[in-house]
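Undergrad: Sequences listed follow chains A and B, in order.
Going by our numbering, the first sequence opens with residue 14, and the numbers climb by one from there.
Going by our numbering, the second sequence opens with residue 3, and the numbers climb by one from there.
Check the hints yourself; a few may be wrong.
Said to hold, decoys possible - If you only want the chain A side, here are some residues facing chain B, beta carbon under 8 angstroms, derived: (1) 19; (2) 23; (3) 27; (4) 250; (5) 254; (6) 259; (7) 280; (8) 281; (9) 283; (10) 284; (11) 288.
No lab work stands behind these hints, which were simulated from the structure alone.
Note that CB positions come from ideal geometry on N, CA and C, so glycine has one too.
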Amino acid sequence: MNANPYLPDMATVVEVIEETPNIKSFRLVLNDEEKMRSFSFKPGQVGQLSVFGAGESTFVINSSPTRMEYLQFSVMRVGEVTTRLHQLKAGDQVGVRAPLGKPFPVEDMQGKNILFIGGGIGMAPLRTLFTYMLDTRDDYQDITLLYGARSPVDLTYQAELPDWLAREDVKTVLCVDNEYPGWEHKVGLIPNILLEMNPSPEKTVAITCGPPIMIKFTLQALKKLNFADEQIITTLEKRMKCGVGICGRCNIGTQYVCLDGPVFTYAQLKELPSEL
Amino acid sequence: MERFITQDNLQRFAAGLAEKKNVLAPVASGGTTTFRRLRPGMQLDFSRMAVISPKDATFPRNETLLTVQHYPEESGKRMELQEHLPEGEMVVIGCRPCGTRGKLVFDPVYETQAIKDPYYIRRRDGATFITLACARPETTCFCHSVGSGPADEEGSDILLTAVEGGFVAKAVTEKGEQLLGDSLFEDAGAKAEEAAASNASARKLMGEAHDFSSAAEKLLKRFDDMDFWQTQSDKCISCGACTYMCPTCYCFNITDDEAGLVSRRLRTWDNCMSHTFTLEGSGHNPRSTKAHRLKNRMGHKFSYYPDLHGGQIACCGCGRCIKQCPAGVDIRQVVMAAQEYPDER
């Protein structure tokens, strides 16, 4: 971060990956070599991407701090800024303000079983932590990933899925909402597949992210599986502008998602006013 | 230090300052009183409180944060970023204590250990406030209910009190004391006592203060009572007059503006009573109705902010939101209703 918190660093798009019909991943390198070398962040922190002339929006850094060749952001095309982001090609310039927000409590997760539950674009913030844990695999016990999307083409990170499925040191379960020709994995809604998998809450941390409706039912399923509120971690989405706790729109009561979050335990969320 | 200045000399003093610095002062304009950049020939209008406080002095309604020059023909489609940090000094004359004090609400948010907003900090540090104590409260005034009063010096460099033939000027800061060294100021003599008596009488005229002491707690208790918020916000038309007129509202938007090969990143006052304030890209909106939005506005000023910042209420009691609301929403009544509302329902 610069002394002027609104001043972005210029970065170059080095690669664009078309993940799904409406999601692209952008790999960026800061133009200032020294800044890129010393750039430091933790899984779960976010950044603001600028397309100058269109504006700025918040996305999680979904690459892992263990792999610093580039910073990756996945962007779903929904509005003005994201539409302009989707027009970017390798070599184009963007602005980056990062890292912002608080990361996942990785140190607290060491020595535990890890259960990832991601839905749709909600896989992006999980990808950074998942990749980080694969690179520091010995620090954790069993790692399970349940990742679902509406249909097979809506699954992001297709290029990595075969590796995730093939690895013996993680259990990866994929699901889609309905049957599709050629689909060999689970069919059903994420909370139902989760109940079917019946993971033990014993020494386990569950990390979930996805659309609000999926989160709501996933939390219910986790409670049914006897996960305690402290064992459930999620990362929130809010409209943000400044990203540094000033502009006043991402608050839930006294807490600013950009500053105090976006990562919260379910126990912490329960303490806050109900305004998700 | 207290000095006296005649009405004519204050006008001269202001005009003199305006030759060297930017001076914001209330002037009569179109049947109303409003803060304007003081230019030669303009007369100070101290007859009533200005429609909008001089919030612009420290937090302009729109400002350029940075500009970007695009060079699309060059390799790598080079862009050049330029910060636009404000420079220069500003003197505000004739602001009321509520408006002066209102800016203090910004400080713990815009300048923390970790984050320093250079645009705000530079403007604040370059601003001088010559405040005019209020002699008579309006029906919408309630500064005394939020820890202030009609002769509050907090945030001012000089406090003026109207007396027979002119004003008693009291230096509050060193910056103020230096200004009072100007030869247009005279010995205050017995005028100082007249000023003190006037200020005491103004405070008396305000009557009893509202007790907002349980607001922080009760607003949180009311959080899920959407019937209550529905009732309170029924009249609201989501126009945002309350937020735009407010000296303490500090929320903003950041947008980009494009013209040819130059784009600007702008910061503008924003309005939490608007539906789009929290509208997310997915279409989801955590504050989807005006009931949700009024709840956040009240919560922010009377509960969340005080919780985070040592009990200080983020409202200066100027009453502009009451006076300017086209639908008659009264912030005092909403807070009192939230406090008085039965706990068990």
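Undergrad: If a hint holds in the structure, say so; if it doesn't, say that too.
TA: Structure-based check of all given hints:
1. 19: It holds, given that the least Cβ distance between residue 19/A and chain B is near 5 angstroms, below 8 angstroms.
2. 23: OK, holds: residue 23/A within 8 angstroms of chain B, min 7 angstroms.
3. 27: At 12 angstroms from the nearest chain B Cβ, residue 27/A fails the 8 angstroms test, so the hint is violated.
4. 250: holds, 6 angstroms
5. 254: Because about 5 angstroms separates residue 254/A from the closest Cβ in chain B, which is inside the 8 angstroms limit, the hint holds.
6. 259: holds, 6 angstroms
7. 280: Interface hint status for residue 280/A: violated (18 angstroms vs cutoff 8 angstroms).
8. 281: Hint violated; residue 281/A Cβ to chain B Cβ min 16 angstroms, cut 8 angstroms.
9. 283: violated, 13 angstroms
10. 284: violated, 11 angstroms
11. 288: holds, 5 angstroms
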